[in-house]
Amino acid sequence: MTRKRRRLYILVLFLLGLGTATALTLTAFQDNLVFFYSPSDIVAKADVPYERNLRLGGLVEMGSVERVSGSTEIRFRITDLQHTIPVVYSGVLPDLFREGQGVVAQGRLGRDGVFHAHELLAKHDENYMPPDVADALKRAGHPQGEADPGR
Amino acid sequence: MIAEIGHFALLLALAVAGVQAVVPLIGAARGDVPLMQVAQPAAVAQFGFVATAFACLTWAFVVSDFTVAAVVANSHSAKPLLYKITGVWGNHEGSMVLWVLILALFGAAVAVFGRNLPPALRARVLAVQAMIGVAFLAFIAFTSNPFLRVFPPPNDGRDLNPLLQDPGLAFHPPLLYTGYVGFSVVFAFAVAALIEGRVDAAWARWVRPWALAAWAALTLGIALGSWWAYYELGWGGWWFWDPVENASLMPWLIGAALLHSAIVVEKRDALKTWTILLAILAFSLSLVGTFLVRSGVLTSVHAFAVDPARGVFILAILVVTIGGSLALYAVRAPALKTGGLFAPISREGGLVLNNLLLATATATVFLGTLYPLFLDAIGGAKVSVGPPFFNATFVPLMVPLVAAIAVGPMLAWKRGDLPGALARLWAAGVAAAVAVLGTLWLAGGPAGALLGLGLAAWLGVGALVELAERIRLFRIPASDSFRRAVNLPRAAWGMTVAHLGVAVVVAGITASSAWQTERIQLVRPGETVEIAGYTLLFRGTERVNGPNYVARRGIFEVSRDGEPVTTLYPAKRFYPVQGMVTTEAAIHTNLVADLYVVIGDPDSGGTPGGDPRVLLDAPADAAWAARLYYNPLVPWIWIGCVIMVLGGALSLSDRRHRVGAPSRARRPIAQPAMGD
Amino acid sequence: MRRLIFVLPLVAFAAVAAWFAVGLTRDPTRVPSALIDQPIPAFELPPLPGSGVPGLSDEAIKGKVALVNVFASWCVPCKAEHPILMRLAEERRVPIYGINYKDAEQDARAWLDALGNPYTAIGHDLSGRVSIDWGVYGVPETFVIDRDGRIRHKHVGPITPQILQDEILPLIASLEK
Numbered sequence: 001m002t003r004k005r006r007r008l009y010i011l012v013l014f015l016l017g018l019g020t021a022t023a024l025t026l027t028a029f030q031d032n033l034v035f036f037y038s039p040s041d042i043v044a045k046a047d048v049p050y051e052r053n054l055r056l057g058g059l060v061e062m063g064s065v066e067r068v069s070g071s072t073e074i075r076f077r078i079t080d081l082q083h084t085i086p087v088v089y090s091g092v093l094p095d096l097f098r099e100g101q102g103v104v105a106q107g108r109l110g111r112d113g114v115f116h117a118h119e120l121l122a123k124h125d126e127n128y129m130p131p132d133v134a135d136a137l138k139r140a141g142h143p144q145g146e147a148d149p150g151r
Numbered sequence: 001m002i003a004e005i006g007h008f009a010l011l012l013a014l015a016v017a018g019v020q021a022v023v024p025l026i027g028a029a030r031g032d033v034p035l036m037q038v039a040q041p042a043a044v045a046q047f048g049f050v051a052t053a054f055a056c057l058t059w060a061f062v063v064s065d066f067t068v069a070a071v072v073a074n075s076h077s078a079k080p081l082l083y084k085i086t087g088v089w090g091n092h093e094g095s096m097v098l099w100v101l102i103l104a105l106f107g108a109a110v111a112v113f114g115r116n117l118p119p120a121l122r123a124r125v126l127a128v129q130a131m132i133g134v135a136f137l138a139f140i141a142f143t144s145n146p147f148l149r150v151f152p153p154p155n156d157g158r159d160l161n162p163l164l165q166d167p168g169l170a171f172h173p174p175l176l177y178t179g180y181v182g183f184s185v186v187f188a189f190a191v192a193a194l195i196e197g198r199v200d201a202a203w204a205r206w207v208r209p210w211a212l213a214a215w216a217a218l219t220l221g222i223a224l225g226s227w228w229a230y231y232e233l234g235w236g237g238w239w240f241w242d243p244v245e246n247a248s249l250m251p252w253l254i255g256a257a258l259l260h261s262a263i264v265v266e267k268r269d270a271l272k273t274w275t276i277l278l279a280i281l282a283f284s285l286s287l288v289g290t291f292l293v294r295s296g297v298l299t300s301v302h303a304f305a306v307d308p309a310r311g312v313f314i315l316a317i318l319v320v321t322i323g324g325s326l327a328l329y330a331v332r333a334p335a336l337k338t339g340g341l342f343a344p345i346s347r348e349g350g351l352v353l354n355n356l357l358l359a360t361a362t363a364t365v366f367l368g369t370l371y372p373l374f375l376d377a378i379g380g381a382k383v384s385v386g387p388p389f390f391n392a393t394f395v396p397l398m399v400p401l402v403a404a405i406a407v408g409p410m411l412a413w414k415r416g417d418l419p420g421a422l423a424r425l426w427a428a429g430v431a432a433a434v435a436v437l438g439t440l441w442l443a444g445g446p447a448g449a450l451l452g453l454g455l456a457a458w459l460g461v462g463a464l465v466e467l468a469e470r471i472r473l474f475r476i477p478a479s480d481s482f483r484r485a486v487n488l489p490r491a492a493w494g495m496t497v498a499h500l501g502v503a504v505v506v507a508g509i510t511a512s513s514a515w516q517t518e519r520i521q522l523v524r525p526g527e528t529v530e531i532a533g534y535t536l537l538f539r540g541t542e543r544v545n546g547p548n549y550v551a552r553r554g555i556f557e558v559s560r561d562g563e564p565v566t567t568l569y570p571a572k573r574f575y576p577v578q579g580m581v582t583t584e585a586a587i588h589t590n591l592v593a594d595l596y597v598v599i600g601d602p603d604s605g606g607t608p609g610g611d612p613r614v615l616l617d618a619p620a621d622a623a624w625a626a627r628l629y630y631n632p633l634v635p636w637i638w639i640g641c642v643i644m645v646l647g648g649a650l651s652l653s654d655r656r657h658r659v660g661a662p663s664r665a666r667r668p669i670a671q672p673a674m675g676d
Numbered sequence: 001m002r003r004l005i006f007v008l009p010l011v012a013f014a015a016v017a018a019w020f021a022v023g024l025t026r027d028p029t030r031v032p033s034a035l036i037d038q039p040i041p042a043f044e045l046p047p048l049p050g051s052g053v054p055g056l057s058d059e060a061i062k063g064k065v066a067l068v069n070v071f072a073s074w075c076v077p078c079k080a081e082h083p084i085l086m087r088l089a090e091e092r093r094v095p096i097y098g099i100n101y102k103d104a105e106q107d108a109r110a111w112l113d114a115l116g117n118p119y120t121a122i123g124h125d126l127s128g129r130v131s132i133d134w135g136v137y138g139v140p141e142t143f144v145i146d147r148d149g150r151i152r153h154k155h156v157g158p159i160t161p162q163i164l165q166d167e168i169l170p171l172i173a174s175l176e177k
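Protein sequences appear in the order of chains A, B and C.
So the first sequence is residues 1 to 151, counted in this note's numbering.
So the second sequence is residues 1 to 676, counted in this note's numbering.
So the third sequence is residues 1 to 177, counted in this note's numbering.
Calculated directly from the structure, the hints in this document are not laboratory data.
For every residue, glycine included, the Cβ atom is placed at its ideal position computed from N, Cα and C.
The reader is advised that the hints may include incorrect statements.
Partial pick of chain B residues on the chain C-facing surface, computed with a CB cut under 8 Å [claimed, not checked]:
id, residue
1, 72
2, 135
3, 139
4, 150
5, 315
6, 316
7, 330
8, 374
9, 531
10, 532
11, 639
12, 642
Sample of chain A residues facing chain C (criterion: CB under 8 Å; computed from the structure) [unchecked claim]:
id, residue
13, 11
14, 33
15, 100
The calculated label-pair distances, taken between Cβ atoms and stated as ranges, are [what the hints assert, rightly or not]:
id, chain 1, residue 1, chain 2, residue 2, range
16, C, 44, A, 27, 55 to 61 Å
17, B, 2, C, 174, 21 to 27 Å
18, C, 44, A, 73, 38 to 44 Å
19, C, 39, B, 15, 48 to 54 Å
20, B, 446, A, 108, 20 to 26 Å
21, B, 197, A, 27, 50 to 56 Å
22, B, 446, A, 27, 50 to 56 Å
23, C, 41, A, 27, 28 to 34 Å
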């Protein structure tokens, strides 16, 4: 086997591997990217992605959390202080889930406008809230938020 | 006073590292032996000073010296002693000191055990190590001083994040850092080789023990971290593909590739430039892993809001270290001689395939981890990349890898005989078929589980077949086989054991992902829940007091077919100092499967969601939300990792790899082996 | 050609590093800065019943360098920063005004009874309407106000001793000059 021949083999193998990986990655990106929305995004957008896996982030509205008595179902509302979206979740709440605090819900938005969460992330570290949520709130804007030169 | 001594020792270490980074390099360039010899005492002294600083910081934590800011922010006088000590590295500043301590330890180890390295190579390796040391000591001294005082001192500290007050996580960082930092030695060897312009079999032999040690420590660190996530986070899963986990997985994958490619350099004098690149990448990814995660670039830019200087410093370190070494690589690597021809179907070919798959897998993890950030940085949509992405990319790459691991060692060097190798693996084929059919008959699927368990059986038996061939089991009398087994190089045993470990991990991952059973329901005291043949009787809840928390724990009496098995106590803990609630899972394991129980909120009218009063004061007859899992084979994941580490340790104890011990080279080699 | 392959890793790394550099300049936890150097919004909030301190309005704040702290009893980080506010209040350096954000009267009162009241005056913002005017998007948040009643600094999240020492106290000192 000549040196050239060997190099060709290795190159072909390498390109094959690279091609496969690229194809895998691209298709996986296509199907598995989970987009992040704020309540205002969902209210404002015409092409709301119903029944698609997405993330909804905001604050858990004060006084909105209630358990459907006798079941593990929990209802609450996620707000960015402009709009609110009702959420249904069944299961055990994460330790850091608290009214008035940031939360990211992953799940599907039903045609009835209710968000069906299958996972709640309240993983914000010791201090504040998930950056996604902070950003969504910032974008949802308070009267001043619109003029933010930082964006 | 103690804190000032610690700070001073850090600055001394910085000065020593500065000398160690420059003088030996000049010596090596001029061939001046006395200058080169500066490196060893400097490395030992640097370790001594960093160890002093670390001891001082530990002291401040142990005696709860609340004049030190890091102690105030991360400790509390009521905290158990163990967590006072582990609190040292439970924060940014302290973890940096630990990092540098391990770095200096490795440097000192090279100085002490590397007596038989050529003087110029040793001088350069230690100088490169010291450069890394200078960068991080300066980082600590200028942006993250752990000995900063506060005035006036508060009465008590703010305590360590309760999630970190756990034995699993307490020892996770030191192991992880040992892995990350261990690759710095490999990196230093690679850069030294580039400076010298020479890579040969002896070089590979010197590098391999360090790569092995680093990889084994990293394996253990990752396993411990995943085990912690499993029992502490209460989600029943053990790997979440979150950026922090991915950051440790990437150097592990590249490190595994490096271990294998270094064999090719050692035995066949081929793949040299590739191996050098892997050595640089392994450490670069370790740096990215430690710093971008710790400082938060990966998950958020949180920490930089506190101190933007840190972010800039870290980026500068990354650019100089990684950029500098890659620039050196671009200039010097083309001049390295290529040697050792081989056919695609050969042992070398198999190892190349291993490398390609591992490197590609690393690339997909890298993309998946950083793409959301990239999109965000260019102002695009906010997205997240979850487990489905990694399952769709990473898993398909691992399937051919696992299948090939059994075949590779059966191939001869230079030119192998694939049909012959497969024929000799008939026993593995039979085992795989039995596993697939058995699974189909017992569980009926799913297809992924059939494939995974089939592969695990194929690899496990394949590794044993290879061993049997080496000792010629059943071909020669058993006593002769036994003698051969005893005399087999430890490295060969190490390979077999490590590959068996992979098989066990694959089985564990497959079964636990395919057949995890989950049940979420509201249970009233006196009610029972059935899961996977177990019956759990909920006896109600009780209050318990810990040293720095109060808890409410549920009592579940577990029985199977009427026979009592155990009692499980899943709990909710409330840490008053930090105002945090944590979930404590209760796990019953029989090493084949885990029964896993967590409790959520009581259905007692209060607002659900972690309000400690609702949790602690719930009436005795309240119903609680409970989440139960049955996780088959999940312990095998960690058992398999430990087996892999054992394999690494066995290989490390091979006398050709052993550092510092007399070595009688089995094959004639160009240079004396390390530690002759 | 062969040489080019060896430069590739360096090029790839340069791209990644450039992107990290861009990432560093962005800071998602940074809040809208539009309010900085603007006069505080006009508002009037009722007192928190039973707290023993008056309510809060924009007029009351003006005239002295002051801190305005937005808090709630249900907020965990607020509890973390509370001892720092208490110490600052004991020093009587600057008045600390509180805006009690979306909190039930009795909860807020119990919270202050248990932990102490560092506030010179507390506005009870049950609806959260005034807090929105202040650009508050979470609790706790702390504003530094100068003598002319302008917002000079906004800190998001709990105040730590370090932030107090490095950011807030120096700013107060310079404003008081």
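Here is how each hint holds up against the structure:
no.	hint	verdict
1	72	7 Å, holds
2	135	15 Å, violated
3	139	15 Å, violated
4	150	5 Å, holds
5	315	6 Å, holds
6	316	10 Å, violated
7	330	4 Å, holds
8	374	6 Å, holds
9	531	34 Å, violated
10	532	37 Å, violated
11	639	36 Å, violated
12	642	34 Å, violated
13	11	10 Å, violated
14	33	18 Å, violated
15	100	5 Å, holds
16	44/C with 27/A: 55 to 61 Å	59 Å, holds
17	2/B with 174/C: 21 to 27 Å	35 Å, violated
18	44/C with 73/A: 38 to 44 Å	42 Å, holds
19	39/C with 15/B: 48 to 54 Å	52 Å, holds
20	446/B with 108/A: 20 to 26 Å	23 Å, holds
21	197/B with 27/A: 50 to 56 Å	43 Å, violated
22	446/B with 27/A: 50 to 56 Å	20 Å, violated
23	41/C with 27/A: 28 to 34 Å	51 Å, violated
Of the numbered hints given earlier, the model fails hints 2, 3, 6, 9, 10, 11, 12, 13, 14, 17, 21, 22 and 23; all others are met.
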